Amino acid sequence: MTEDSGAGAGVLTAERLRVVGRSIPRHDARDKVQAATLYAADWQMPGMLHGGVLRAVHPSARIRRLDVSRAAALPGVAAVLTARDVPHNTLWTDVPGQNSRVGPLRARLQVLAEHVVRYLGEPVAVAAAETPDALARALDAIEVEYEPLPGAFDPEEALRPGAPPVHDEGNLLARWQVSRGDPERALAQAEVVIEGEYRCQFIDHAYLEPEAGVAWIDADGVLVIRVATQVIEHFRGVADVLGLPHNKVRVIGPYVGGGFGGKEDVTVEVFLGLLACRTRRPVRMVWSRQESLLARPKRHPFRLRYRTGASRDGTLVAQAIDLLADSGAYAYLSALVLMYATVTAAGPYKVPDVSVDARVAYTNNPPTSAMRGFGAMQMVLAYESQMDRLARRLDLDPVAIRVRNALRKGDRLPIGQELDTHVGVADAARRAWAALGPRRKPSTPGSRTGRGLACNIQPYGRIVWLHDWASAWVGLEMDGTAVVRTGVPDVGGGQASSLCQIAAEVLGLEPDRISVHIGDSALTPLAGTTTATRQLYMSGNAVLSATSGLRQQLLPVAAQMLEAPADRVTLRDGGAVDAAGRRVALADVARECARLGVARSYLGVYHAPAGDPVDLERGGGRIFPDFTFGAHAVEVEVDTETGAVAVLRHVACHDVGRAVNPQSVEGQIQGGAVMGLGYGLLEEVVVDRGVNLSTNFAGYLIPTSLDVPDVEPIVLESGDGKGPFGARGIGEPPIGPPAAAIANAIEDAVGVRLTELPMTPERVARALGLLPSR
Amino acid sequence: MTELSIAFTLNGERRERRVAAHQTLLEVLRDDLGAVEVKEGCGEGVCGTCTVLLDGEPVSACLLLAARAAGREVTTVRGLAPAGEMHPLQEAFVAHGAAQCGFCTPGMILTAHAFLHQHPHPGREEIRRAISGNLCRCTGYTKIIDAIEAAAAARRD
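Residue numbers (the numbering used here), protein chains in the order written: chain A, 1 to 774; chain B, 1 to 157.
Okay, chain A solo, but in the shape it has when bound (with noise of 0.2 Å):
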């Protein structure tokens, strides 16, 4: 019934690809530009109620008193509801395989606060109305009495001695370390030592679609939650909270208006089934821009130490890293993040010896999870700007000292785990560099232009004792075309257009001839999440898988039609053909099979490799089933009088493995890049203790048409990756190295160095001594 990858993978050699590999455009696209697609807030439903959130107005403080009663009695008030009305009133965070000092983790979540806010934001009632005015004056209408705690809002004031716990548990949430050789020793003997302290900042996903969803129950009694989320698979969480069973909760994850990361946590799905179950009424939840900047998760701001040893002709011979990253009021994924961070924190290099000792606190500020690069892209910055200054001081080239110390496929990373596919960082290096080209002249004679380098690995799919897995069905119709159904939420990346690529191949069919139903969890088999880089890989190989296994069902028949051998029968072009250039068509082979009985229909499962936990600090094994690697050249203008950067010229380049689709490969690069810029340029979320005051995007500043240049994408095709056809994911990688080469560039254009991110015109100001440093 189900087989692993690979099975087509012989049949169909890459030069032979007919789908796989081609610029088409994808099958949502014309939905998209005339405004087709219905997304979670557009999604609505006769008697519907408006629900919303009240969010705690401190960052710790105490409920003393919180009284519903009079927001419930107003007209048009359908549902006001606080913790007390929720079943279960926790989600769970596991941490399979932790082996840190704090002790297995299983943190959690508190739905709605009880007793106590632990961030300003935190959601502490939900109500629902029979329109949006109803709404908020219910919520107006809440009685909630705070005392103010103090409260920590700095990871290292949250880990001294004495500080305000933010929980019961203490404020350590995680700790990864990672010991190879004796990186003490190797330093004390290196010829060069570089020291470098690096700061990132809290920034937030800012896709242009707020959360939203609409729930209902359905006539057959199930909970049906229409949410824009890269997890469907949250309806056993919801579940656990409503006391449902989880086959009575379905989610339906429509096209998503972009994720990042940021719809990866459990956003309005668990108020939404609160709110309709209480009602049993379909209920709809937006959140507005403010509600959603001020509120949901952001990414890990860290503190980064490396001290970085080579030898004289820039060899690396030791590592030495202390990270300490917040994350915020809840644990959300923090370790997780922390430990991707662990992991690849030594960066794409060959180092003999190497420390880690990464930390992340809780602190009364923002939570903090997943965000495109997942812990892994905010090393770029320092590990990159160590080579830089390392090359610099022994005044090697940037590519030259890469090149150098690159990882090659058979190498180990600090971890222990080996790299078994091709690692392409040396290649991307130069052919970022190159393609840079003639320097270009400075526009102003108060303007300086300089060049930098940054190279990054980022891994793809799922740590490997999650052991995880995607599944895809795939039926011929009668009439020759083809369905394929998967629990996949397509967040923009083109994840079912790549899909249905990957079927048309194997099936021999143009793309227009297959139908891909994606993202339910109660109707398509389950495909686990739009994360990790992990949809192409995983649920692509399981659509190789089913399309494959479809396949063999059906050659077999055609073969008897066209009383040719079986081996020698292929399906192209709508039908099946043999040596001689015979030719069935499936919708005749599709009856055939019908009425020999052969099934129409093959469900097919993909297996990640699976392994067990690792102990980082021991090392030794797989953590990863691969990683995806790249450079990013830039040319950066610097005014010498205001500090604005601008970048001039953006060369990304990136080993893809295999490209199904070129163009939506060079999109995710090309967006990706530019989301590194505005991380690199642009974008903080202001706290000031435990205040967010970033919560309009008149004040968050996400890269506009005018802050970025044409993004040059290189795509490499080594074709040896671990997705389908030799892929490998690239959905992450893109937004790790800008930061890093602007870094480098500024210091090429104006000789000073930049440590903490957004490298504003003030910030650059001051290093260059235009205003007072701090």
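Keep in mind that the hints were calculated from the coordinates and are not lab data.
Everything numeric in this text was worked out from a predicted model, so none of it was measured.
A virtual CB, placed ideally from N, CA and C, is assigned to each residue, including glycine.
It cannot be assumed that every hint is accurate.
Computed list of chain B residues with no C-beta within reach of chain A, every gap over 10 Å [unchecked claim]:
| id | residue |
| --- | --- |
| 1 | T9 |
| 2 | E13 |
| 3 | E16 |
| 4 | E73 |
| 5 | G97 |
| 6 | G102 |
| 7 | I109 |
| 8 | H119 |
| 9 | R137 |
| 10 | R156 |
Covered by chain A, per the in silico footprint, the following chain B stretches (three or more residues, Cβ under 8 Å) [as the list claims (entries may be wrong)]:
| id | stretch |
| --- | --- |
| 11 | 32-44 |
| 12 | 66-72 |
| 13 | 120-131 |
| 14 | 139-153 |
Let chain A serve as the given structure and place chain B on it in line with the hints.
Just chain B now, kept in the frame of chain A:
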């Protein structure tokens, strides 16, 4: 609550509505008229997601009071081509992969449409400036600019 009777044209069809004085055009379009092709991104006039054309000029529907649309022509992306057909600009967005998540796309296309109407032969930098009020978080803008450039070039041929 003060209510007003207003009439305006939505994609060529006359619409009459009772609206509250404080209601925005976006609220009336989405919640009352079911024109959910107009998306809300920020509600404060910064992101351009809710762009519609008012007598051919791009405006943020989230900032415009519905009453201000009285007697005027409102065009959403659905009004660019007859049902079942696509405007060449929409075709260009498809061909160039300019829509990823698609949420900014309707507003982006309308801004581009109004711009090309007034600047039929734009340079790349002019296009870049023209769409600077419409945020996109997915594409990095290059493929959007490619699409607009191609649509302009196709018109010239």
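Structure-based check of all given hints:
no.: 1; hint: T9; in the structure: 18 Å, holds
no.: 2; hint: E13; in the structure: 17 Å, holds
no.: 3; hint: E16; in the structure: 21 Å, holds
no.: 4; hint: E73; in the structure: 18 Å, holds
no.: 5; hint: G97; in the structure: 4 Å, violated
no.: 6; hint: G102; in the structure: 3 Å, violated
no.: 7; hint: I109; in the structure: 6 Å, violated
no.: 8; hint: H119; in the structure: 15 Å, holds
no.: 9; hint: R137; in the structure: 5 Å, violated
no.: 10; hint: R156; in the structure: 21 Å, holds
no.: 11; hint: 32-44; in the structure: holds (count 10)
no.: 12; hint: 66-72; in the structure: violated (count 0)
no.: 13; hint: 120-131; in the structure: holds (count 3)
no.: 14; hint: 139-153; in the structure: holds (count 7)
Hint compliance for this structure: hints 5, 6, 7, 9 and 12 are not met, and every other hint is.
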